[in-house]
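Letter by letter, the chains look like this.
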Amino acid sequence: MPEFDPVYLAIVIVGLMGGVLGVVGYLTLAERKVSAWIQDRLGPNRVGPGGLLQPLADGGKFFLKEEVIPAHVDKVFYLLAPAVAVITSLLAIAVVPFGPTVAPPDPQPTVAAFEAAQAEYRNHFSFVMAPGLDVGVLYVFALGSLAVYGVILAGWSANNKYSLLGALRSSAQIISYEIPLGLSVLGVFLIVGSLNLEKITAWQADHRTWLVLVQPLAFLLFLVSAYAEGSRLPFDLPEAEQELVGGYHTEYSSMKLGLMLMAEYVHLVTAGFIVSILFWGGWGFFGLENLLTDPVGGAVLKAAILIGKMLVYCGFALLIRWTIPRFRFDQLMNIAWKVMIPLALLNLLCVMVVLQFGWPLVVLTGTSVLSFCGAGVLSVWLRGSVTNPKRPVRKLPPGLPAGVTYASR
Amino acid sequence: MPTVYVNDKPVEIGTGKLNCIQAAGLGGVLIPSYCWHEALTVVASCRMCLVEVGDRKPDGTVVMQPKVVPGCQTPVKDGTVIVTGEYDKRDPAAAALNYPADYTKGGKPGERAKKSQADTLEGLLINHPLDCPVCDKAGECKLQDFSYKYGRAETRMVDEKNTPPNKPALSSKITLFTDRCIMCTRCVRFTREISGTAELQVVGRAHHEEIDVFPGRPLENKLAGNVVDLCPVGALGSKDFLYKQRVWYLKTADGVCSRCSTGCSTYTDTNKDIVYRLRPRVNPEAQGHFMCDEGRYGYHFANSGERFVRPMVKTDGRFKPAPWTQVGAQLRQEVAAAVGQAAAGFAAVLSPFLTVEEAFLYASYFKRLAKEVPLVLGPVPVVGADDRYPKNVKGEPVEPTKFVIRAEKCPNRRGVEAVLMHFQGAVIPFADVVRDALPAMWFAGGYPVKEHVEEAFPADWKAPALLVAQDLFPTLLTASAKYILPATAAFEKEGTFVNHAGLAQSFPRAVRPPQEARTELQLAFDLLGRRGLAQPGAIRAELAAAVPFFAPLAGVVPQNGVKVG
Amino acid sequence: MPMTEADVRWVQEPKLGFWDQIYFPAMIDGLKTTVGHLFGRKITEQYPEQEPKLPPTYRGVHRLNRDAEGRVKCVACYMCATACPAHCIDIVAAPAPPEWAGREKYPETFVIDELRCIYCGMCEEACPVDAIELTTLYDLTGLSREQMVFDKEKLLSVFDTTTKAGTDPVRTQAGRLSVASEPPPG
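Residue numbers (this note's numbering), protein chains in the order written: chain G, 1 to 409; chain P, 410 to 974; chain A, 975 to 1160.
Errors might be hidden in some of the hints.
[What the hints assert, rightly or not] Here are some chain A residues pointing at chain P (derived, C-beta under 8 Å):
no., residue
1, Tyr1052
2, Met1053
3, Pro1102
4, Leu1117
[Unchecked claim] Computed beta-carbon distance windows for the label pairs:
no., chain 1, residue 1, chain 2, residue 2, range
5, P, Arg741, G, Leu79, 15 to 25 Å
6, P, Arg741, G, Leu64, 51 to 61 Å
7, P, Arg921, A, Leu1089, 26 to 36 Å
8, P, His616, A, Ala1075, 40 to 50 Å
9, G, Gln331, A, Pro1030, 45 to 55 Å
10, G, Ala57, A, Leu1089, 21 to 31 Å
11, G, Ile13, A, Arg1015, 20 to 30 Å
Note that these hints are calculated values from the structure, not bench results.
Each residue gets a CB set at the ideal place from its N, CA and C atoms; glycine is no exception.
Let the hints inform the model, and build the full structure from the sequences given.
Here it is in structure tokens:
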């Protein structure tokens, strides 16, 4: 990439956005299909061969649905909310590599050397919209935090108590899970020494390892937090179709609802890329990525590997959805604040110690497993007295079996 | 005071001559019966009212008769002990009598009566077809009720039932389903004792007995419809009501018959704002147990499609429907103007079909406009002479009279007259004003027979310039009116009628007025400038306070009515 | 009825052990189930191509049965209309035509609003002459509300088609006026 070229950039942006939205569309189909199969049904199979055109039909339906704007809403914010939701989720894609990348150069001793390195870096083609952004992951997290505005605005502007409660529920969840999300990957950044996603991929390629092996606990925490951030089951308290009114998008209809739902799938795709890059070695696959040596073929293979990893992440989300029942809200908060944040801090501490004394990184695998099992032992010992503390109880009138008590108010 | 013991409960019977059924009824115990009827002679043929009776001596000992006796035929006296089949459901508060040992030896008290009643029912059902689904009586059938309550669940009859042919030619109004008859002979006794015409009789013997008429002498008298009510089963059916409605759909309201000045108390059976039949309501003050066919079948006018259902105004020689809001304002204006021009020339005609409340409000309205407005009693239809029953074979009435169909075919002449007397001290007959050419007239009619209106007008009658005609049906009068207002039938309003003998009976509304019709009471209420819905009860109280004649109507009017005047 | 001590079963939360607390075995268990079903046999019926096999007790469209002479069996007793919780049956009764031997009353009109009907089958239970029955016809459609109001002729034609097709043979063969009019057994 010689210089800033708006035409070229526009093509990349349009292509990537189109690609992401296409994946999102087919994720909805996959969601419905997988749900159906798990429930021993067939799923949508009428539109196109095997139901392959169903996303188009759904999209068309969203556009053609009656546009209802209730009279009691705050119109400006009501219309703004879906836009905020979808824009923030799409913007996060900008720094996410979706194919092979080259690490941007490190600082050089002289300006001339740096310029040369930069020029050299620019000559490589990078599968990313905004290559070489040093704040990398931080930018993604920042936009992820902005997404909560979409939720809050939607719930508040609807002037409806169900929407408002849904939005409060939802924002509390998203804000809470941002902490373990950020804390868990701090170890990765310390090990790699950079926030830049291209550099993290390059580190894993250089060390011929995946960070998930070095940081299994961080991966687990990140995975859980990412599902919670994206409001996926078992953390879909914001919607909880079965037991609560729609949540923050109760009052939305037509394409505005479509945008809200689309934003969630975009989050899923972004999270899939981030997980693949941070923990699963990016476009690397144990040397398999180097099978094709010609530049175009190699690039395609690497891109396919990365996208494949992303799809595995998404597929796992679909499976988890029907495997784990939804958490109660207090359980949801307990897990974030009383389990995941302490564990993430402990993990960070381990990383700091290991790096300080220059011990081999494999020690971190051991500490991860140990702290996880330690948490398990601790919770058995505490019998939930931390996550679910005993409230004062009163004895019921005589005649009840011994030991049976009810919590008083 | 003579005391009778009904299932151990002491009941004071007063001085009347009562049988066991009546005495038990005073004690709140129902003794089932088919053939017995208060107004008819006793034959004790159905054997449904079998009871055990005995005597309680002054010293407290009880002597019981060894066998069950028909309660309808057994008079009671002081100390009579009645034990019915429902002895086991007796009032637990009453102390058990000292029944003799030879009586209780054969079984607990009441068991014999109970068994006898069950056996009686089994016998009645031997030939009774089980066609309740197609029978019009189903739902109000005594045989159904008592079989359910006292009978057995299954039949032991294995032979073919008797199925004598139906007799639809029994009468023009009544059909006989011969196989359903249980030979209680209530209908036969009615035609012999009440109407005196004696058309019905029992022919055949034993289980070939049938009710029938002489060939060529069908059951045609003006009281014949009562035999349908008397029939405890579905044997006699009214052709007028046959298969129209199942009785459990009907809503029943008390009513007063508006077809003659006897003012029979009735039940009005309606469904979905349609009157389906009238039945007599027992009222010893008014007419007794029965009603005449003229009144019974005289409800059809209320369901007629010819009725006026909305106000109409004549514009350019044609009647056009107009909304009440517009008509009300116009009427008030025009009437006030006409009264202002010549109050004495404005005849306010109040028909004897109005309730006293309506007449009172109308009279108040017109007299408030001007004292000189003459209040005129509308045409009083009189057809022939009073028709007295029972009659002998020559058709002459026989004393004592048991039922009278009055010649005066309106329900409330006395009530309206009393209102007019109160307001102007005299009743102006309609014939007095109809001769003169008047500038204006308000005719508050409501005549169910349009000839009764038309006959009252001479052939050379000149219609007033302003004629407000309020009536049920189109007549000569409404044709020359400027305003036509719909009247309401007696079923469609709440009010009070005063019959020939000065008995005031209040009755509730049974159905709603058709379409846009409003009650005369509401119209008068609106004309008086009062707001809201007219409450007949409140207006009745107002009337009772204002007019001494109606003073007894203050407070709740008893169901059987109250004498006024 | 008040509960007795013996009726009450007290349930307490099970104590969680180490493996339960770290969640993994339970999750793998769950995933086994879901993945198993993912590739399991599907039970979906492809409706328009594949017709369901319905039990004979299925409650679909009504029919009015005919008697041996082809007359409508109904005697217009209004029992079905009375039993109907949706008030969807409207009958107008009339004296039977004189040539109908042994019949006194018949339905002049018999109308069922199939849209209002909730297909509870109470009418069938209430009928004393087994004149109304619910068939296994389930694919009931119409282009307007009026089309879904079935009159006597339509209901009789349902009888004709279902008995001819053999999908719904006349199920009950009771006496002239139900069991009550029959001699007791034995």
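(message) To test your reading of the hints: which numbers does this structure violate?
(response) Per hint list: 4, 5, 8 and 11 violated.
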